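Number of protein chains: 2
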Amino acid sequence: MNEIRILKTCGNARAGELSTQHGIIKTPVLCPVGTQGSVKTLTPQDVKDVGMRIILANTYHLYLRPGIPVIAKLGGLHKFMNWDGAILTDSGGYQLYSLSKLRQINDEGVIFRSHIDGSRHTFTPELAIKYQELIGADIIMVLDECIDHNESRERVWAAMVRTHQWAERCQKAHNKQGQPLYAIVQGGVFPDLRKQSAEHLTALNFDGYAIGGLSIGEPKSVTFDITEQTTALLPSNKPRYLMGVGAPEDVVECVARGIDIFDCAMPTRVARNGALYTRTGRIDIENAVHKEQEDPIEVTCNCYTCRNFSAAYLHHLFRSKELLAYRLATIHNLAFMSSLVQSIRTSILDSTFDAFRKQFLSQYKTTDEQTRVSQKQKWLETRQKDTLD
Amino acid sequence: MNEIRILKTCGNARAGELSTQHGIIKTPVLCPVGTQGSVKTLTPQDVKDVGMRIILANTYHLYLRPGIPVIAKLGGLHKFMNWDGAILTDSGGYQLYSLSKLRQINDEGVIFRSHIDGSRHTFTPELAIKYQELIGADIIMVLDECIDHNESRERVWAAMVRTHQWAERCQKAHNKQGQPLYAIVQGGVFPDLRKQSAEHLTALNFDGYAIGGLSIGEPKSVTFDITEQTTALLPSNKPRYLMGVGAPEDVVECVARGIDIFDCAMPTRVARNGALYTRTGRIDIENAVHKEQEDPIEVTCNCYTCRNFSAAYLHHLFRSKELLAYRLATIHNLAFMSSLVQSIRTSILDSTFDAFRKQFLSQYKTTDEQTRVSQKQKWLETRQKDTLD
Chain A
1 MNEIRILKTC
11 GNARAGELST
21 QHGIIKTPVL
31 CPVGTQGSVK
41 TLTPQDVKDV
51 GMRIILANTY
61 HLYLRPGIPV
71 IAKLGGLHKF
81 MNWDGAILTD
91 SGGYQLYSLS
101 KLRQINDEGV
111 IFRSHIDGSR
121 HTFTPELAIK
131 YQELIGADII
141 MVLDECIDHN
151 ESRERVWAAM
161 VRTHQWAERC
171 QKAHNKQGQP
181 LYAIVQGGVF
191 PDLRKQSAEH
201 LTALNFDGYA
211 IGGLSIGEPK
221 SVTFDITEQT
231 TALLPSNKPR
241 YLMGVGAPED
251 VVECVARGID
261 IFDCAMPTRV
271 ARNGALYTRT
281 GRIDIENAVH
291 KEQEDPIEVT
301 CNCYTCRNFS
311 AAYLHHLFRS
321 KELLAYRLAT
331 IHNLAFMSSL
341 VQSIRTSILD
351 STFDAFRKQF
361 LSQYKTTDEQ
371 TRVSQKQKWL
381 ETRQKDTLD
Chain B
1 MNEIRILKTC
11 GNARAGELST
21 QHGIIKTPVL
31 CPVGTQGSVK
41 TLTPQDVKDV
51 GMRIILANTY
61 HLYLRPGIPV
71 IAKLGGLHKF
81 MNWDGAILTD
91 SGGYQLYSLS
101 KLRQINDEGV
111 IFRSHIDGSR
121 HTFTPELAIK
131 YQELIGADII
141 MVLDECIDHN
151 ESRERVWAAM
161 VRTHQWAERC
171 QKAHNKQGQP
181 LYAIVQGGVF
191 PDLRKQSAEH
201 LTALNFDGYA
211 IGGLSIGEPK
221 SVTFDITEQT
231 TALLPSNKPR
241 YLMGVGAPED
251 VVECVARGID
261 IFDCAMPTRV
271 ARNGALYTRT
281 GRIDIENAVH
291 KEQEDPIEVT
301 CNCYTCRNFS
311 AAYLHHLFRS
321 KELLAYRLAT
331 IHNLAFMSSL
341 VQSIRTSILD
351 STFDAFRKQF
361 LSQYKTTDEQ
371 TRVSQKQKWL
381 ETRQKDTLD
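First to last, the sequence lines map onto chains A and B. Heads up: the first sequence begins at 1 in my numbering, then just goes up one per residue. Heads up: the second sequence begins at 1 in my numbering, then just goes up one per residue.
Next comes chain A alone, as it looks inside the complex:
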């Protein structure tokens, strides 16, 4: 149950099968983000229909709302949200860093105030495990200490050491069968610290290994380099999970560097801002060029949205702020990502991944930094009403 079966490799790229209590997950895989027990705008059936069988949920959010006891009382998260696929939960380490207020952190754990109502709470490694067990996730994560990407080496080192201590405590606290526990390699942008972290954690023999603390502001070349250097130090018979990375081009590049599992809020978040994926890059559906476009967003796409609606209709829904817009766009972007990871997998199994990678990246116009920044700004402005993810 706890290991990954690698079917084929192409250089560092791997195609495999990950067994979980809720089915076999074909890898590489991208987990869409269902932070609060809902992949935003979608029913569980919609998620299945785009071809996805594993989602990410978040311990920090679920702890605050509806509360772990409510989920436990109602039979666990699968039953609560009516999802029979697999669930991976993040421990909350990242949200304690990015969302909570007045955080005090020490070796024992984290004391914080809720971003919702300011109420005071404590997370410890042991509680993070207990909550994830009660949620009933199929894969759970250790509690880690997250920090900014531009912190000093000394600060990064200290957070890494604490993350290691917490990982051991998580491992001791964890005793639920069939619920693999993944460690999180930290060490920021410092290759030697990443090496130290990977070696320390692999010696503890976790069920899987995540790489944390990337894609949080560092240059993309650094993300890729650190990923490549770290996966080389991880055991080949264990799953490797790159946290918070999931732009189409990044998935291709990081599969090439040995990653099996991704999670990212980006495909669903940008969808709600009208940024839709196509083979040649992202389009802004609110742009006037789509006003009378009778074709769907992408003619070759087989998703529900593209099978049923013109780009002009999507354009109209977005311009009119109709709530249906956000669902149709989310379906399209997740179907695009689902299709992308399936194509990657097929190409690895066919030993044609290098060609696929080259062709995809030559076609796909990466969203430039300026667009990314204005997209992020748009998101920050709307996050209050849109709720967090």
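Derived from the structure by calculation, the hints contain no laboratory data. Remember, it's a predicted structure, so these values are computed and weren't measured experimentally. Incorrect hints may appear among the rest.
The list treats identical chains as one, so a pair stands whether inside a single copy or across any two.
[Claimed, not checked] DSSO-like mimics (lysine-lysine), calculated; alpha carbons at most 30 Å apart, straight line: (1) K48 <-> K321; (2) K48 <-> K79; (3) K321 <-> K73; (4) K172 <-> K321; (5) K48 <-> K176; (6) K8 <-> K321; (7) K291 <-> K176; (8) K8 <-> K130; (9) K79 <-> K291; (10) K130 <-> K176.
Following the hints, complete the assembly by docking chain B onto the known chain A.
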């Protein structure tokens, strides 16, 4: 195509069949509101799945966005929104009164400024018909002049006379086969004016008759009395449509007074505010009593939402402002209304409508005035982000 086939009556209540270019509509029927070419939060398939075959769209809104030429170019509204059921369009008379800015009205028509961008436009009876023909609606409405419910008798009379003149101009301008045109009886809360209006318009032999200018602030007993007095003056072989009325208890009461067709934004609008229909009245799903409710909203309900999710999950989605909440709630409320009109129809066909009416009204706790007012307040506060309907 233009008449209604009455299968059975029970007192003034009628069960019938309305033929349209997009199928036969069983009456009584409630049209959900798809103001801007989308029943808010739902796909056309969702609307079908709740058992509805006719929706209302709005000429005023569609004229402003995406624009009539866009809809015409893309093959009409059915194709644009991918809806193969029937569409009834309101002419825009009510929205010109309630939404547009700096309205100037004279015998020729209405000059107004868009509520979206303040741009200047003109509507005339002839243009209202032309636009509805281009939209391709199955049933279209004359342009009428709407005014406040507490206007003077003189003012009501003048608006009624203008509505009559415009109705004649609409009739002359209309020449599309298979697209029945309904007149709108006005006359406010004055029985003699309503009588005058009904007689004037029935003499012109329209394809159907609507009752406008009700449920806009007058006491409910007045709504019922005027409806009853007016239907008595309308030809029994023509469909009768009560505009803007659609609370569950009002539908029952107005079917009893001879109405065949209703439209109302209420079931979908209040759904988005967490007010969900049950046989015993409306519940507020955000209320703490639902926090751990494992049962669905209504155990006997067969809608997608109740078949798949607990009330506790809906409660959580609403509290967390998850967008899925609004869709699941809308599905439930429309399924409730669909089931209600079906039950009404069955009871008329079985000659048990009086008993059904008595039983329904004895069980269904009408939402009190205070709740209605605070609900409306909540809606007004959110209408900016939620867009209008």
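Of the hints given before, which are not true for this structure? 4, 6 and 8
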